[in-house]
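Novice: Given next are the chains, with one letter for each unit.
Protein chains: 2
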Amino acid sequence: MATAPSGADPLPSWNDGANKQRIVEFVKAVTTEGGKDYVAPGDRIATFDNDGTLWLEYPLYTQVRFVFDRIRQLAPQHPEWREKEPYKSVIAGDIKGAMASGEKGLFEMLLVAQSGTTTEEFAELSRQWVLASKDARFKRPYNELTYQPMQEVLKYMRANGFKTFIVSGGSVEFMRGFTQDTYGIPNEQVIGTRQKLAFEVKDGKPMVMMLPQLDSNDDKQGKPINIAAIIGKRPIAAFGNSDGDFQMLQWTTAGSGKRLGMLVHHDDAAREYAYDRDSSIGHLAEGLNQYQAMGWGLISMKNDWKTIFPAPK
Amino acid sequence: MATAPSGADPLPSWNDGANKQRIVEFVKAVTTEGGKDYVAPGDRIATFDNDGTLWLEYPLYTQVRFVFDRIRQLAPQHPEWREKEPYKSVIAGDIKGAMASGEKGLFEMLLVAQSGTTTEEFAELSRQWVLASKDARFKRPYNELTYQPMQEVLKYMRANGFKTFIVSGGSVEFMRGFTQDTYGIPNEQVIGTRQKLAFEVKDGKPMVMMLPQLDSNDDKQGKPINIAAIIGKRPIAAFGNSDGDFQMLQWTTAGSGKRLGMLVHHDDAAREYAYDRDSSIGHLAEGLNQYQAMGWGLISMKNDWKTIFPAPK
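From first to last, the protein sequence lines are chains A and B.
In terms of numbering that gives the first Met the number 0, the first sequence opens at residue 0 and continues consecutively.
In terms of numbering that gives the first Met the number 0, the second sequence opens at residue 0 and continues consecutively.
Simulated from the structure, these hints should not be mistaken for lab results.
Wrong hints could be hidden among the right ones.
For chains that are exact copies, the list does not tell them apart, and a pair is met inside one copy or across any two.
[What the hints assert, rightly or not] Mimicking DSS-like on lysine-lysine, the simulated pairs with C-alpha atoms at most 27 Å apart in a straight line are:
no., residue 1, residue 2
1, Lys-204, Lys-35
2, Lys-219, Lys-195
3, Lys-257, Lys-204
4, Lys-195, Lys-103
5, Lys-138, Lys-204
6, Lys-201, Lys-219
7, Lys-95, Lys-83
8, Lys-204, Lys-133
9, Lys-305, Lys-219
10, Lys-305, Lys-87
11, Lys-27, Lys-87
12, Lys-305, Lys-35
13, Lys-204, Lys-219
14, Lys-154, Lys-204
15, Lys-27, Lys-305
16, Lys-301, Lys-154
17, Lys-305, Lys-103
18, Lys-201, Lys-312
19, Lys-257, Lys-87
20, Lys-138, Lys-301
21, Lys-204, Lys-305
Only a predicted model underlies this, so the values are computations on that prediction, with no experimental measurement involved.
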């Protein structure tokens, strides 16, 4: 527990057990100067998926909720949407009807909802929405529906000289609306799915505009690719929860020296949700099949975590 | 001079004058707590072009020298190059002949020279080449042909809570071969031109490979676009030297609050080189026309800088 005051538990929301021990022993090993596993601070890179790893993603990705709200907000300027699916269902508040359009329909709406503003204006739209949001089951805004045990991991690793990065399938500008305030992670350490951008000068004012086109999908192979391109260092620790994180953990833990790969398993229907192989949200099958062979830890929300969400403020 | 010991000059290689004063007054203004121009440390983002701003670029971009050397190194595996331009000229050491192929030919060679390895292997190739390089005129390796006054600006800004980023047209993996050691800037703060990458698993070993295709050209409009996408914050200070930096300075200095935009003007043929409007390398015309109207500083290497390169070690 390297820099924690003697006796203080850096991970108080974790039950004692193999997973807590794995994290603490890893941090101790890579921060012990002169030890065989020592890693210089500049190379202590840890990457974290967001949806389902740091905050709630089930039964609907939070960003999809935002997109639906934004479609409703933009609807008065688009009378044609009244008769056009999936917009019609979204405007009527019929989530099942909206989901019937499948990934293609959702993605089309996402690009419509997330274009036509500057990147700065868009992050502000996200910020305001997250602050005003409320989950139906938990009756709290989404920025309070983060996992307290993972918040402790972020702080613990940073206190031990790690740079913590988010590497998530969410849109990077959407995440930047809340990641600094919610996780203490600055914009320049947030990697996500990117849309194409355009530089424009309007009335002498330069601006960077969001276009309704995909640039890079930060999922599966896209994660190690974006880490290599943007961070330029291979992480020594990676946390995820779905098969979208498989390649990130694979690349991270294949590096030389001591490595840490951890998957959060949603197995707690009472306090949160239980889903894995049969879910399209947070689908986890390959990870369950291979985590032991890969030497990764499988975190049981039910057994490893004393609490799920932070105490209300 | 915020954090410098009282009386110490943070920019000893700069002659007293308007440009040195502009930099020092800017840093003082944005770091004075309670002052009207105060900027929180997390928002003290400064971006620096590399070629011609931090190190030598004339009469040939250093990366082009590297590409030529790598083509010669790869030539034995490509007998067809012996009769094919521009490879034939490069192999013969005929730089003029090689340049006759124009941008298209150079770019084709760059993609050939910079693919087929992992990103990690490629940065190591760059590192070794830079250490072993030697400039014909100055008889020093290129990592010693950086501008001492700009090295002082980097250190001075970092000592005052700035995060310094490189935002350059050079290939990001090429730059990462030397940017940490040469400028103290870590890989994750280096933005450059990107090639497409592929995630592959060979014999069970996951790797991120460089492909011979352009992904993002970090020049002109590409600079503010990549800053918005990757840093996610608008810089408050930007340094460049060519029209490739125009949009970066334009976007930076159009933000609210106090801003700093500076162009290095190569006007010192005796100690380095003199080039601007008529040069294809480091072409500077729009910047010369508009810097005053834009409120930017034009740094004269001849008059503002006491020395150009660091003293030999």
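Novice: Quick check: which numbered hints come out false for this structure?
Specialist: The structure conflicts with hints 5, 8, 9, 10, 11, 12, 14, 17, 18, 19 and 21, although it agrees with all the remaining ones.
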